[in-house]
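Asks: Listed below, chain by chain, are the residues.
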Amino acid sequence: MRHLLSIEDLERDDIERILDRAAAFAEVSDRDIKKVPALRGRTVLNLFYEASTRTRSSFELAAKRLSADVVNFAASGSSVEKGESLKDTVLTLTAHSPDAIVIRTPYAGAAALVASWTTAAIINAGDGKHEHPTQALLDVHTLRQKLGSLDGRCIWIVGDVAHSRVARSNILAFQAMGAAVTVCGPPTLIPRGIEALGCTVRYDLGDLREADVVYALRMQNERMDQHFVPSLREYAAQYQINGRRLGPRQVLMHPGPVNRGVELSGEVVDSPQAVITMQVKAGVVVRMAVLYEVLAGARDARTAPRPSEPQLA
Amino acid sequence: MTPPEPTPSAGGRFAARLVSAPARPAGLLVHGVHVLDPRTGLDGIHDVLVRDGEIAEIGAPDSLVAPAGVELVDGGGRHLFPAFVDPHVHLRTPGQEHKEDLETGTRAAAAGGYCALIGMPNTAPVVDSAPILAALFEQAARDARVPVGFMPCITRGQAGRELTEMAELRAIGAAGFTDDGRPVVDAGVLRRALQYQRLCGGVLALHEEDPALSGNGAMHEGEVSALLGVAGIPSVSESTIVARDCALAGYEDGRIHLQHLSARESVAAVAAAKSRGALVTCEASPHHLTMTDEDVRSLDPRRKMNPPLRAAADREALIEGLRSGVIDCIATDHAPHARDEKEVPFEQAPMGTTGLETAFSVLYTALVAPGTLALELVVEKLTSGLGLIGLFVPQIAVGEPANLVLVDLDAEWVVGESGYESRSENCAFAGRRLQGKVLLTVAAGAVAYRERSILLSAAPVTSSGGHRSR
Chain C
1 MRHLLSIEDL ERDDIERILD RAAAFAEVSD RDIKKVPALR GRTVLNLFYE
51 ASTRTRSSFE LAAKRLSADV VNFAASGSSV EKGESLKDTV LTLTAHSPDA
101 IVIRTPYAGA AALVASWTTA AIINAGDGKH EHPTQALLDV HTLRQKLGSL
151 DGRCIWIVGD VAHSRVARSN ILAFQAMGAA VTVCGPPTLI PRGIEALGCT
201 VRYDLGDLRE ADVVYALRMQ NERMDQHFVP SLREYAAQYQ INGRRLGPRQ
251 VLMHPGPVNR GVELSGEVVD SPQAVITMQV KAGVVVRMAV LYEVLAGARD
301 ARTAPRPSEP QLA
Chain Y
1001 MTPPEPTPSA GGRFAARLVS APARPAGLLV HGVHVLDPRT GLDGIHDVLV
1051 RDGEIAEIGA PDSLVAPAGV ELVDGGGRHL FPAFVDPHVH LRTPGQEHKE
1101 DLETGTRAAA AGGYCALIGM PNTAPVVDSA PILAALFEQA ARDARVPVGF
1151 MPCITRGQAG RELTEMAELR AIGAAGFTDD GRPVVDAGVL RRALQYQRLC
1201 GGVLALHEED PALSGNGAMH EGEVSALLGV AGIPSVSEST IVARDCALAG
1251 YEDGRIHLQH LSARESVAAV AAAKSRGALV TCEASPHHLT MTDEDVRSLD
1301 PRRKMNPPLR AAADREALIE GLRSGVIDCI ATDHAPHARD EKEVPFEQAP
1351 MGTTGLETAF SVLYTALVAP GTLALELVVE KLTSGLGLIG LFVPQIAVGE
1401 PANLVLVDLD AEWVVGESGY ESRSENCAFA GRRLQGKVLL TVAAGAVAYR
1451 ERSILLSAAP VTSSGGHRSR
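Chains C and Y supply the protein sequences, listed in that same order.
So in our numbering, spot 47 of the first sequence is number 47, and the numbers just go up one at a time.
To get our numbering, take the position in the second sequence, counting from 1, and add 1000.
Just so you know, the hints here were simulated from the structure itself, not pulled from any lab data.
Since the structure is predicted, the reported quantities are computational estimates derived from the model, not experimental observations.
All C-beta atoms in this analysis are idealised placements derived from N, C-alpha and C, irrespective of residue type, glycine included.
Treat each hint with caution, since some may be false.
As the list claims (entries may be wrong) - Computed footprint of chain Y on chain C, listed as stretches where at least three residues anywhere in the stretch have a Cβ under 8 angstroms from a Cβ of chain Y:
{"hint": "1", "stretch": "82 to 90"}
{"hint": "2", "stretch": "124 to 134"}
Said to hold, decoys possible - Covered stretches of chain Y (in silico footprint by chain C; criterion: 3 or more residues with CB under 8 angstroms from a CB of chain C, positions within the stretch not fixed):
{"hint": "3", "stretch": "1219 to 1226"}
{"hint": "4", "stretch": "1344 to 1353"}
To be verified - Examples of chain Y residues toward chain C, derived with CB under 7 angstroms:
{"hint": "5", "residue": "Gly1229"}
{"hint": "6", "residue": "Val1230"}
{"hint": "7", "residue": "Leu1299"}
Whenever a hint applies, use it, and build me the whole structure from the sequences.
Replies: See the structure below:
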């Protein structure tokens, strides 16, 4: 695989190959010296146009555990603030010959656009409200650890679907792995036409008990300025996942950061059903597997001679 | 039926509304060419003689002999139509000459087979006063390769609040009025403009959109926008304002022309208004007639325009609108943008695609060649836009000024392969292989474009100063 731009580009086989490798890398994270030389001498550039704590740090850790050199480039405090265009920034940074660029921007399709300007492998770390493919991969990884297979499972994604790249990538990834997906949220925050992705649409939590997995989305405060819902209080009354609504056998997920008391009540965040910290942990090994996939595991004949497999033992 | 151009009640001086740079009147004999003019009914092989810029004779094939000084053009296997006209282009002058200017824009037009254009006023500054309009005419008399006219703003600063000095603008040559790029949001302001039209004439060309419904949308709202996570512009953003403005025009007996219809609901609203007798005409663009939101899946910024490419059913309704006559003409909304302005993520990119150089070939390839629309219908809709606003309709008839386009319907070419005449290259059709190629364009009696393979030796010099046609 040359780039990771969207889940839409992946087949089930691709997802399984990446996640099997992630499982192998998991062992590295438990060692005293958490490093393998798989990407020694390679340069990974983190180019973040939006604030990000967990995604950026988890990519940085992933690259370092594979022995790659990492450069972090944040839009604030850089030439971007001086008015440099995305293309000029990418061309400038490409002059340093990075092997991979991990990019997050507020704009749909930006990662694909960047891929057309540089020879580096591009990993989409979030492009606007379009996709966040590594989040979906780590969520599938977490569920495979927790449930085994996703085949035949029922997954509800609850909240602001309209503004969520996590929702879009996860609908596609969960379905690719054999699960049935229902999206649920205020009608003002469910985009018209979303059924075309193959999911079911609900506007209330009445049938939430049918879900094996409940995936709550972050309710962003900035949406309140645009009056998509009358109030956070009403949102919580209608859509909050709390102890009363969450069944005892349901797995609870959230991409973080959590607004306690809004989309999730404190009690469910702290309950053993919540796998939120497992998701964060999966982030590093899955991103190791993704970096390895685009930099070392490529089956494309055009790429350089294949480096040796990682020495895991 | 086309509603008449409103005649101003006040008398007075009305200047020419189309201006071009001085050019040598053409002398041409096109031999054995298939002449097709949907209005005069010509549809067969003829010889056509152009002398001193006028159509001098139309004869049986091989019946005409070129007089001295007249160039011979082999029309064998080729078609000759009345040249096209476009009531809706962005020439970007004044102030945005890095995108396009009168010379490059009219050169692009000539290469696409056009003999006359109307420029939109959303420039920098906007065209909302007589001095700016007068300066544009002066510039056109130096730079325009084909006649151009201009529609200044309906409202001062294009801000949608106060009317421009419409009577004065009209007196110095305004082809009509438009706030194109923006709707006249305030119905009360539009109503006043319709009332004032009784004094000054001039069709009001309207960009129909409700900003409250469009929000920060960047593409058609539907399944593709849901998949891409791009905010959508719903069809009702257009169709509700279409219905509102048709009602206002009907009430005030005003004459409006609706620009770039994109949604099936809008076509239905115009059909209903026409059946009630409202004086409304409308246009559709080559891109809305041949592309859908499926073509936006790759988020290519060159396919971002306003109104957006819509769903397949919308495209079909526009095609049916051409057939039924609800849609009166095809206009390109040629909207050049510099490369670095468009080489940004889709949501950041400015709206618009160039279209003058590709319009005929795109329509021929996508609609005529597969049998969806008749060739004469497409030619008719490409030549009717300026008649709708009271200017002229190019015709192939003896005594008419020569406005002709010679086309090879079998020639294939790839869009952008040999660059563009336009200063900008933001063409939604870039890379597409098209069938049908413009070989020669005669505009207002002068050769405005010829493809390199068409050889014309030097014509006799009988040049004069700058002229205003019609």
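Asks: Counting residues of the stretch 1344 to 1353 of chain Y with a beta carbon closer than 8 angstroms to any beta carbon of chain C, are there 3 or more?
Replies: n = 5 at 8 angstroms, threshold three: holds.
Asks: Is the coverage entry for the stretch 124 to 134 of chain C by chain Y consistent with the three-residue Cβ rule at 8 angstroms?
Replies: holds (count 5)
Asks: Check, residue by residue, whether the stretch 82 to 90 of chain C contains three or more positions whose beta-carbon lies closer than 8 angstroms to a beta-carbon of chain Y, and give the verdict.
Replies: holds (count 3)
Asks: Holds or violated: is there a CB of chain C closer than 7 angstroms to the CB of leucine 1299(Y)?
Replies: holds, 3 angstroms
Asks: Hint validation: valine 1230(Y) versus chain C, beta carbon distance must be below 7 angstroms. Holds or violated?
Replies: Status holds, d = 5 angstroms.
Asks: Let me know if the C-beta of glycine 1229(Y) comes in closer than 7 angstroms to any C-beta of chain C, holds or violated.
Replies: Since the shortest Cβ distance to chain C is 4 angstroms, the answer is holds.
Asks: Under a C-beta cut-off of less than 8 angstroms, do 3 or more residues of the stretch 1219 to 1226 of chain Y approach chain C closely enough to confirm the stated coverage?
Replies: It holds, with 6 qualifying residues against the three required.
Checked against the numbered hints given earlier, this structure breaks none of them.
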